[in-house]
Amino acid sequence: MPSTSTKSEPEHAYKEMYSKSQRSALPPKTEAPDFTLRSTPDQWLSLSEFRGQPVVLAFYPADWSPVCGDQMALYNEMLKEFHDLGAELIGISVDGAWCHAAFARDRKLHFPLLADFEPKGDVARRYGVYRYKDGVSERALFVIDADGKVYWSFVSPVGVNPGADGILSALEDLQNKRTVPATMEAK
Amino acid sequence: MIDRMYLKLPDPERDHFQGTIDAPIALLEYGDYECPFCGEVQPIVKEIQRRLGDDLCFAFRHFPLTNVHPHAEHAAEAAEACGEQGAFWPMHETLFANQDTLDDESLAQYAAALGLDETRVLQEVILNAHAHRIREDFRSGVRAGVNGTPCFFINGQRYDGVRALEPLLAAVAEPVRVT
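One line per chain: the protein sequences are A and B, in this order.
For what it's worth, numbering that gives the first Met the number 0 labels the leading residue of the first sequence as 0, then goes sequentially.
For what it's worth, numbering that gives the first Met the number 0 labels the leading residue of the second sequence as 0, then goes sequentially.
Just chain A, same shape as in the assembly:
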């Protein structure tokens, strides 16, 4: 029956495909490790380029897999909200730059996808979100503040799309922190 072939199948497939194991994502207040990765086959992007504004790092297991597609499609629609909160969004997976390029073109993604490709998963490892048995990263979210420190992190079960609510709350917190002292000075 077609109506049952919706949410449960990809989640089931993920359970089959990926091992169960605990990861420890870098916690808040940790310095976010800098990195430089390919954003396209001929361009590179470094985290440090974003110093002075919040950055959302969305690690995800793989291009093309159903849940990732939904998650990146959702974030794609949320770009205006992220930008309104002064933040940039970056997707990261172990897929190569050409794969990312095809995926981004197919899904009309308007934010960079970085290739954590060589050494494979190196950035995911440094953020504590690499799945060694599976060779992919966790579905993990980090909000990095303007000073380059982890402000909020979240690891979702690999088959579950975490949505965007947590990211928005973290970014709003950061914005409130920035605006409150300014208001106090004005008084």
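Careful: at least some of the hints might be erroneous.
Among chain A residues calculated to face chain B with C-beta under 7 Å, some are [stated by the list, open to error]:
no.: 1; residue: Asn75
no.: 2; residue: Glu76
no.: 3; residue: Lys107
no.: 4; residue: Gly162
Quick caveat, the hints were computed from the structure, so don't treat them as lab data.
Computed from a predicted model, the values in this text were never measured in an experiment.
Beta carbons are placed, not taken as given, at the ideal position from N, Cα and C, and that holds for glycine.
Since chain A is already given, all that's left is putting chain B on it; use the hints.
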């Protein structure tokens, strides 16, 4: 900055709903007229409405994924534009029944077939006259934890089960223990 961030689920002041707002069960769907999974689930929603009758209030909010579904935004605009002429629900059903043909010309034809002023509908669609409301729906969904479409809330609680008649009906009917 984000208007009315935490909307009631559903909110009689703003939402399109069928049934009475104080029914014991409120089923809210976040959907996208071009999303095939949303199309598949419509007969299930209708059947749940039929079985639960007055016990159910069903409401719909827009959650268009406009980059993946190029016609979704205009389709949502068209539903709202028809709503301005008192025909949100007939257009809602027409759109889900015609998911493969949601270009502007077709939207105007559907409005005309419903006996509405299709020129006005088309104008509102092209001007994105209802963009604010559609975005408000979308944002309320994101804040409530919508992570894809369709996404259902039963009395404010997100339903994460399988989107088939039996499990959805069982979850929806639970508050009134319909046998």
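Hints, one by one, checked against the model:
A least Cβ separation of about 5 Å between Asn75/A and chain B falls short of the 7 Å threshold, and the interface hint therefore holds. At about 6 Å, the closest approach between the beta carbon of Glu76/A and any beta carbon in chain B falls short of 7 Å, and the interface hint on this residue holds. Restraint check, Lys107/A versus chain B: the minimum CB separation of about 4 Å is within 7 Å; hint holds. For Gly162/A, the interface hint holds, since its Cβ comes within 7 Å of a Cβ in chain B; the closest pair sits about 4 Å apart.
Hint compliance for this structure: every hint is met.
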